[in-house]
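J.: Take a look at the letters that make up each chain.
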Amino acid sequence: MKHLLSTADLSRADAVGLLDAAATMAATQDREIKKLPTLRGRTVVNLFFEDSTRTRISFEAAAKRLSADVINFSAKGSSVSKGESLKDTALTLKAMGADAVVIRHQASGAAYTLANADWLDAPVVNAGDGTHQHPTQALLDAYTLRRHLAGPTPGTADTQATIGRDLAGVKVAIVGDVLHSRVARANVWLLRTLGAQVTLVAPPTLVPVGVGTWPCDVSYHLDDTLREVQPDAVMMLRVQRERMSSAGGGFFPSPLEYSRLYGLDARRLALLPEHSIVMHPGPMNRGLEISADAADCERSVIVEQVANGVAVRMAVLYTLLAGDPGLDTAAGGLLDQQPPAGRAASATPPAGRVARDAPLAGRVASVSERIETPAAPEQGLDTAAGGLLDQQPAGRAASVSERIETPAPAPNERPSA
Amino acid sequence: MTTSYLITSASLLGERVADLLLADGVIAAVGTGLDAPADAVVVDAAGLVALPGLVDLHTHLREPGREDAETIASGTRAAAAGGFTAVHAMANTSPTQDTAGVVEQVWRRGREAGFADVRPVGAVTLGLKGEQLAELGAMADSAAQVRVFSDDGLCVWDPVLMRRALEYVKAFDGVVAQHAQEPRLTAGAQMHEGAVSSQIGLPGWPAVAEESIIARDVLLAEHVGSRLHVCHLSTAGSVEIVRWAKQRGIDVTAEVTPHHLLLTDELARGYDPVYKVNPPLRTQADVDAVRDGLADGTIDIVATDHAPHPREDKDGEWASAAFGMTGLETALSVVQATMVDTGRLTWADVARVLSFAPARIGRADTGPYAQGRPLEVGEPANLTLVDPAACRTVVPEAQQTASVNSPLRGRELPGQVRATFLRGRATVLDGAVVEPGLATTGSMSAGAGA
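Residue numbers (my numbering), protein chains in the order written: chain A, 11 to 427; chain B, 6 to 455.
Quick caveat, the hints were computed from the structure, so don't treat them as lab data.
Treat each hint with caution, since some may be false.
What the hints assert, rightly or not - No farther apart than 20 Å at their CA atoms in a straight line, the calculated lysine to any residue pairs in the SDA-like style are these:
| no. | chain 1 | residue 1 | chain 2 | residue 2 |
| --- | --- | --- | --- | --- |
| 1 | A | K104 | B | D370 |
| 2 | A | K97 | B | D318 |
| 3 | B | K134 | B | A192 |
| 4 | B | K175 | B | D370 |
| 5 | B | K134 | B | S99 |
| 6 | A | K97 | B | A327 |
| 7 | A | K12 | B | G275 |
With the sequences and hints as input, model every part of the structure.
T.: Right, here's the structure in full:
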């Protein structure tokens with residue numbers, strides 16, 4: 011996998027591998043010292059042509075916890091506002107030596123263009139392009155769904171028991187402005203790839219013409235869907251108030267009518283199965299698509315989604331920058347530096363799994379090694395970093411590596427990328 | 006002194022093999038075993054199809070105003086290389102072709118360039134603003150003799166204004182060529198609205214936005230008894246409406262572009278703006294319908310909508326890129342690939358849809374500069390020789406047009422224009438453009454093996 015542009019490009023193995031990597035990353039985030047040396051000396055550019063505080067901060071936190079240098083490039087106050095093209099911006103970033111570019115852009119396809127136009131060699135992560143895709147949002151949603159719904163007791167969060175799992179049989183309702191939503195598009199394809207059953211619920215004006223070709227069901231009635239489908243999760247989409255006043259008199263008559271027909275409130279919450287969870291990509295319009303009762307209820311995982319976002323973005327950056335097959339030599343180098351023989355033996359996966367074409371999940375195994383490997387002096391890592399790493403409680407670290415060992419991939423599963 | 010040409014063994018409209026003698030700007034003789042006059046250049050056309058010089062009813066030459074994209078000289082060189090001897094230059098220049106002065110200037114620059122007749126299209130409304138009629142009569146009476154009026158790129162949306170335009174041009178046998186696009190249904194539209202647009206998240210340009218305007222316009226044309234031409238029709242529904250209108254006796258003609266005969270909206274998936282065009286590439290069902298419509302005569306002509314753009318206008322994210330693609334140098338090959346090689350049209354039909362009919366719609370088929378005339382003795386020597394057996398790979402950088410936004414880059418296409426004659430002057434010989442004023446002597450081979 012060279013870039014992450016669209017969830018439609020991900021195979022099941024890719025997706026499960028990324029979720030497993032995210033689980034590994036999340037485990038490290040329980041530590042007192044959250045920072046890992048993995049991407050030391052690498053530069054990640056956050057290229058944001060569109061306002062986004064939440065996603066940008068999440069990517070920034072993810073990159074920094076992997077010790078990457080982060081450059082935030084926002085359209086406002088940059089040369090972009092002086093009319094610099096996407097191409098010139100890309101050439102500038104290339105000249106500056108960006109190792110990865112995270113792009114948010116108001117134009118659908120901008121990430122695709124940046125990745126495929128020969129302007130840049132670096133991996134590109136789509137952080138939201140127009141009304142097309144927002145793959146890391148979908149991955150963090152899938153990660154959250156898996157934690158809560160793929161374990162032995164649906165409704166109980168369990169990271170460890172769900173590693174290696176997909177979302178087979180999980181029913182998800184995505185409710186709201188599907189037409190303008192890159193979150194909905196990203197989720198429909200990813201959740202489908204992971205085996206979930208998705209039902210989109212929206213007024214007909216907010217469903218795109220052509221939705222019949224999407225791998226999901228579509229309903230215009232929220233109450234019916236909640237009653238008949240009994241979804242395991244309800245994902246509410248943000249409705250922008252300006253949609254009301256657009257050309258043609260707006261997409262729906264009034265906020266009141268919208269929330270009456272499509273808002274999630276306490277009454278509708280009661281229609282859901284006991285174990286179901288409530289999700290929202292944020293920022294919420296409380297009182298429009300979701301009531302405070304629903305947003306703050308105990309089934310709500312909305313705040314957890316934000317935390318999971320950091321782990322998922324760490325996993326994505328790790329996979330693209332360090333997990334690339336072309337970097338296996340470097341990874342091998344780190345592996346060789348495992349000092350305590352016993353630990354190395356327990357953490358090193360069978361030889362075949364670290365081969366150049368190893369599936370993602372196999373490569374994930376090497377995450378733990380790198381995480382746990384004290385920095386080698388010849389790598390230029392300073393002793394401070396090593397010292398920090400040494401402070402990790404040994405028992406905890408070992409348990410991480412054991413967890414990582416669990417998802418041995420089926421031999422025939424190969425990432426498509 | 007003009008050079009005479011003896012074209013030997015050409016297949017006239019693909020129907021019969023004959024020699025053609027071109028002298029003094031006209032076809033001086035047609036027959037077999039013609040003797041070459043002493044000063045004539047002999048062009049061996051064995052294996053080649055002779056067609057009347059092609060006439061494009063829909064070309065953007067960009068001059069005046071956007072000479073960075075195309076000039077009248079470069080655009081007409083491209084036309085000649087594509088087998089055209091006349092192009093209708095659309096009005097969306099800067100300044101707009103909405104006065105007698107501007108259209109005369111464009112017409113004159115075409116004469117000076119000498120590669121193809123440039124017939125300016127006049128704007129319907131002042132500055133293409135859709136508010137007030139331009140001086141249509143003055144443009145019609147000018148040296149440019151404008152007969153086709155269009156706000157192409159923009160739709161004459163106001164139904165009252167459209168009605169007035171349709172009525173007004175009757176005085177000089179003009180025609181309104183409508184770019185059918187309901188503006189409110191297409192605000193911000195980027196591509197065909199359907200499965201692909203829903204998946205890749207680009208704002209849709211629904212078929213109904215084209216069809217509703219065509220339906221309105223044919224009814225208006227019927228009501229006021231006027232002639233209507235529908236530009237670049239692109240949907241199955243549009244074909245149905247035009248078919249219905251013709252059955253009803255409404256005086257409507259319609260064109261389809263080569264790209265709408267060949268390409269679909271699936272190409273947008275890679276977000277390469279070279280495939281961004283207005284009207285947008287549609288679905289395979291639409292492609293099939295416009296092919297059917299062209300084959301059964303519902304669609305009268307093929308017109309290129311040749312729309313050159315400088316690289317910077319196509320080099321970025323889809324939404325910020327310009328609409329349009331080049332087409333003059335590939336149109337005939339696309340028609341051959343989609344319609345002739347598939348058995349849908351004969352070469353005589355190609356002569357009809359790319360020469361006779363467009364010339365007639367544009368009223369370019371009479372007078373001293375008549376175009377789209379049969380290959381008969383006494384007719385102006387406007388013709389092109391095409392090698393249908395040739396196969397070529399499209400290399401935009403190697404084309405005559407000043408822009409490289411061809412959607413066919415790297416594609417293999419059948420057919421190659423070997424020679425083009427404009428009133429007896431070779432504008433293309435041996436597949437290469439011939440500068441004006443260069444006398445040719447000796448024998449040339451334009452044959453398939455050349």
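J.: For a quick check of understanding: which of the numbered hints are violated here, in increasing order?
T.: 1
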